[in-house]
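S.K.: Protein sequence lines, in the order shown, are assigned to chains H and Z. Note that the first sequence covers residues 1 to 359 in our numbering. Note that the second sequence covers residues 1 to 359 in our numbering.
Don't read these hints as lab results, they were simulated from the structure. Given the structure is predicted, the values throughout are model-derived calculations rather than measurements. By construction, the Cβ of each residue, glycine as well, lies at the ideal position given by its N, Cα and C atoms. Keep in mind that a hint or two might mislead.
Sample of chain H residues at the chain Z side, in silico, Cβ under 7 Å [to be verified]: (1) Ala208; (2) Pro227; (3) Arg291.
Protein chains: 2
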Amino acid sequence: MEVFVIGVGLMGGSIGLALRTRGHRVTAWDIDGERLDRCIAMGAADSASTDFALSCAECDIAIVAVPVSNVAELVAAALSAGAPVVTDVGSVKAPIVSAVEGLSTRSEYFVAGHPMAGSEQDGLDGADADLFVGATWVLTPTNATNQDAHALTRSLAIAVGAEVIEIEPERHDALVAVVSHVPQLAATTLMDVASEAGDGSAVLLRLAAGGFRDMTRIAASHPAIWPDICAANRDAIVDALDSYVEALGAVRGMVASGDRVALLELLTRARNSRRALPVSAAIEGPLAEIRTPIADRPGVLAEVTTLAGSLGVNILDLEIVHSIEGESGVLVLVVPSARAASLVDALISSGYRPVRSEL
Amino acid sequence: MEVFVIGVGLMGGSIGLALRTRGHRVTAWDIDGERLDRCIAMGAADSASTDFALSCAECDIAIVAVPVSNVAELVAAALSAGAPVVTDVGSVKAPIVSAVEGLSTRSEYFVAGHPMAGSEQDGLDGADADLFVGATWVLTPTNATNQDAHALTRSLAIAVGAEVIEIEPERHDALVAVVSHVPQLAATTLMDVASEAGDGSAVLLRLAAGGFRDMTRIAASHPAIWPDICAANRDAIVDALDSYVEALGAVRGMVASGDRVALLELLTRARNSRRALPVSAAIEGPLAEIRTPIADRPGVLAEVTTLAGSLGVNILDLEIVHSIEGESGVLVLVVPSARAASLVDALISSGYRPVRSEL
């Protein structure tokens, strides 16, 4: 692949290193010339782009790895300059997808993404060829997304060692609000409330045991990225905060009224959920191949992959075999054997005709 | 010392092991005879008590290490049976102190305590002679507490390797509500809200990165102790939850209105507070001795030590030298040299006449 990396912070630099390690060719661009030089010097790109439009036209895929507030504009610019496929790594998806649809007539070639590793605003110095190995890389194709563009973006994420999961842009934003953005704000707020309760004295700090330290660890992270994220994912964060505050109000009621039964039920339910959190998404056991005929038009691939995503079925490999006529094709998926039956059932329910075989 | 340990779970067992390792003699009692046998078998006590009242009368100090809801009753029983000094390890203090005052005519010999390590409801199997090494052990003497009882309790905590800090019972409860009880409830609630938002699908779990895992880790802990703690520390927990919910409401407002300046200010303030959390209470550098004449009556020692506690000054050693007449004495404190001046100033402000010397 010829890959054009737009923006060389932690994410762009790591993608460049990872791709070059695996034999792909990388051209890089950055608004900051000094950073671009460092990127070349550290081997995160083969060459620096001196002509943004030309690099777009000459690549197979462009990756926009800039802060979330600038993503849509650069994606649209890359599409307009003729990049065959464009993806991004922004931590919020629906506003970007909808902005690109408004800015570009070629938005079907934009496949929005969010690798769950590092941050798009951390620095190039932390770049690591293995940053994405074993990480979850979310793609949020829509029913307008071009299938080949989607498949190519998928193979790029897999090329750098990630596991791809597809979900709808709005659902991505709602879920990351709950598992990432609200936790950050909750930890920050808890630390601030505790600090105020301690009234500047050192006593509080002496009483802060492991649980408090765990809960507030992310409050020590770099603050500057959060106002951007809060702005970009505002609605989903407000909704999730409302749910959280409402649930805390219910807990307050249980404590105030001494409702031990309700408290114990909540604590037990939460413990079970927490214990069910997988330690890693490691793949184990035998694999199955699912082949299903698909219409050769936008939306089908997104439908199948988001179906797998909602079932938690990990698609390890994916290929579209186009028919000669160009109006139909066969989609080939490789999934863990243990989960294949649930995906086959769901595909049949949605009107597909999948055939499964063991690998 | 002859120590009578009442209740041999994790705390009682660990105290027994720690004291025996350091040459003290331990008698143990438990409502569960089988557990008491195991305690002897593992060397956490020299002998099992067959007569609660006799063991109380024969010890130098009795330690009540039972679940928080049973502490006050057993403390009162030990006092009534003639234990010279009684302490406890319950995680809530004001309700216990006030209950003991109501139940016993000898409540001045009860010095309430809370070692910030393990839990009073975890099992004997986890008992560890080094559980308290370097841990903070809170004592909450009042102005009625007998000074020698206080000093003896202090030396017991120091004998097992802990660092002692004195604060008022109500302040202890308010602070642990903020740094321990509300964090537990907040983590539990966050896990539950996230689990519900994920709607049973595995997607959410795939998106849950390190911050979420850190924040919800304590939600996986043993649920059964929390209804008791919530009942015992109800008022302080409700107050702290109210502060937390109010602060989250303010954050929601910042996100909804896109107030980047306020968000960044909050995030930065919380980061600075989090970074100021000491990794450990390790003692470094030179020490100073502060000698100050004190009246030989209850309350004086509590006043001096809680003053040090509120300043965050770690009292490493403490001795009361009684005068022959018995109406006055000299209090000798050893503190880190770097913090000695602040304690000396505070003592002078409170009407004491301290003299400092370097060790």
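S.K.: Hint by hint, note whether the structure agrees.
M.R.: How the hints compare with the structure:
Residue-level restraint check for H/Ala208 holds (minimum Cβ-Cβ distance to chain Z is 5 Å; threshold 7 Å). Contact between H/Pro227 and chain Z, as hinted, is supported at the beta carbon level, the nearest pair being about 4 Å apart and thus within 7 Å. With 7 Å as the threshold, the beta carbon of H/Arg291 stays out of range of chain Z, its nearest partner Cβ sitting at about 24 Å, so the hint is violated.
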